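Peer 1: Line by line, the protein sequences are chains A and B. In case it helps, this note's numbering puts the first sequence at residues 1 to 345. In case it helps, this note's numbering puts the second sequence at residues 1 to 345.
These are calculated hints, taken from the structure and not from any lab test. Predicted model only: the values in this text are computed from it and were never measured. Careful, some of the hints might be misleading.
What the simulated footprint calls covered on chain A by chain B, stretch by stretch (three residues with Cβ under 8 Å from a Cβ of chain B suffice, anywhere in the stretch; the number is not a length) [said to hold, decoys possible]:
#1 52-66
#2 249-259
#3 268-276
In silico DSSO-like links for lysine-lysine, alpha-carbon gap of 30 Å or less [unchecked claim]:
#4 Lys107(B) <-> Lys26(A)
#5 Lys107(A) <-> Lys266(B)
#6 Lys266(A) <-> Lys26(B)
#7 Lys266(A) <-> Lys214(A)
#8 Lys3(A) <-> Lys57(B)
#9 Lys57(A) <-> Lys57(B)
#10 Lys267(B) <-> Lys266(A)
#11 Lys266(B) <-> Lys57(A)
#12 Lys267(B) <-> Lys267(A)
#13 Lys3(B) <-> Lys107(A)
#14 Lys3(A) <-> Lys57(A)
Idealized CB from N, CA, C, for every residue including glycine.
Given next are the chains, with one letter for each unit.
Protein chains: 2
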Amino acid sequence: MIKGIARLATELGVSTATVSRALNGKSDVNGATRTRVLEAASRLGYAANASARSLAKGATNSVGFMVELNSGTTRSDNFFMGVFDGVQDVLGRHDLELVVLPCPTSKDPYAYLQRFVARNAVDAMIISATQRVDPRIELLQQRSIPFVAIGRSTSGTGYSWIDLDFEGVIKAAIDRFVAQGHRRIAITVPLSQINFAYLIRDSYRRTIRRHGLKLDPDLMLVTAWGEEGGYDLGSAVFALKEPPTAVLLMYETMTVGLYRRMRELKKRPGRDLAIIAFRDEPGIGYLSPSVTRFNLSLHELGVAVAEAVLAQMPAYREHYPEGIVQRRWPLQLTVGESDGGAALG
Amino acid sequence: MIKGIARLATELGVSTATVSRALNGKSDVNGATRTRVLEAASRLGYAANASARSLAKGATNSVGFMVELNSGTTRSDNFFMGVFDGVQDVLGRHDLELVVLPCPTSKDPYAYLQRFVARNAVDAMIISATQRVDPRIELLQQRSIPFVAIGRSTSGTGYSWIDLDFEGVIKAAIDRFVAQGHRRIAITVPLSQINFAYLIRDSYRRTIRRHGLKLDPDLMLVTAWGEEGGYDLGSAVFALKEPPTAVLLMYETMTVGLYRRMRELKKRPGRDLAIIAFRDEPGIGYLSPSVTRFNLSLHELGVAVAEAVLAQMPAYREHYPEGIVQRRWPLQLTVGESDGGAALG
DNA sequence: CTGAAAGCGCTTACAG
DNA sequence: CTGAAAGCGCTTACAG
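All chains, please: the whole structure from these sequences, using the hints.
Peer 2: In structure tokens:
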């Protein structure tokens, strides 16, 4: 039985070449012919076989987005769902498909990525959860596959990345705490080798010193993600001989646990401990006292990431001439009561 | 320049056929030859081009998992991340790749899916967020592509699905409420055309009637997802002339908002309103009074879904002889204080 | 504007 | 156990 494009061609009495050209919107096709082809394709639900098309074109028309399922080292779950939508907005304009590649908890991210790139399964890549030393970046560069990293790394150089502006967040938060009179300001640091753990330490040290405050290593609190992390943080903070009076939470989903632990300890956010949190996250919106926190538009971030990817892809460079993009994505502060700032007017 | 498998073959002085056979683990290859091929492939980072391989084999070795980004009609974000991991656990054993296909907010799910299946981009599909009438099911059946739905639908028949056991949850919760003496028991219903909105109504009516209670349509509360949904629910419940004394929340991320609104209204969960929630979700773990809720292992659900998919794929049927799987996935109750049940001993 | 034909990089009967 | 060759279903110079 004849199938695929040959079937269409036979049915229409034209060659497969003509069908292909019509379907691909080539200019040198008779208008009437094109109409007939398009009509027949839609009637028969025909679309070119993806494998054959990719093989012939030397491109898959797809962009991979690698996320890690290991919630111990990655952003909150809903972070990426928001970003995907923004990415799609841009890719969709160019008939590029977004395929999300979730690296299982049990697999090495490098090996996982390598399979996809070695197989030429995607035309470009978006990677996330960049580690301090992240061999994926060199792999991608060496194979010269277009990519952008959500996050920085010490590996590689001259590649495109968009990262959250941790430095800006830390500076803004500590400046604010200091203006409120705080001298002992703590910060959370993730346990993993994720790159921003290092950014947090560096930026914290720099900002504390700039204010002429004493740098107390005890105030860099290594804390797990999640509510349990926040809860344990509450225990740790108030167990210190000299507890901080303010804390900046640098990643998601900790606030609820911290609030809970403080209630148990009869401590009140904004009075006994000033708190600034990171990102709107489930559960944070209705906490009381209301949470002062940084925020960003995930959708806009996704758009920027997609544009940065296109700028790396030869076929799209003309329309996206940004070249290498290296950008810290700014966050906005929403003032609540948890940092005691509202009380200051 | 010679590339791909031809390069390997030339380098080793064997034919591409032999390289292919060695790489694919065919039995009829000399041991020494196989070793040389494998060693060279790993040294050169060679892996067969995915498109060429798929075209030759007539299979992509990948399973698509369609999720919807529209958070207004889907499960909580972290739901799927957990499921992916379980799915990968199973697919990974068979060298099948999981590719997640996120349908953008702006696109029609049917059209989105159709492109992938018409192009033969995947060997099998997992779909989610099934609607009451869901043409995707007929599309998949008609094209006879192996699939499993996470969720049921009135569309199609004789297809594999695994759905959360909403009926079981409703029965268990209402039985429990009734045993505690409640007579006015409310339930939340999502606004969308998602199939389980209908299941909830049916199951609620049946269970209420079975207990000989009065069926009050006002107690089926159409409620949006999310914290705002929960908050608004709190307003709606206590605005009724005759408020319910118990409520069953049937989807995620509402509890925090409801608690907040109740605090504002000086109402206490477990005393002024008995609450049973659906699923562990961010923010729920540290609420006080603690939340009585239903739960499930997302990972195990993912494993079951993957096995059901394999049972539909001709190449795996022998190892997964389950055939059509139609299964309601049970949830377990974690008792807290929010339903007042703890007080009963 | 259209068709015949080569070629994309693999896999797999078929022969030996 | 191995190789030559056909074929998977497209796209795209090339010729007309």
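Peer 1: Could you check the structure against the hints above and give me the numbers of any it violates, in ascending order?
Peer 2: Violated hints (numbers, rising): 3, 5, 6 and 11; every other hint is consistent with the structure.
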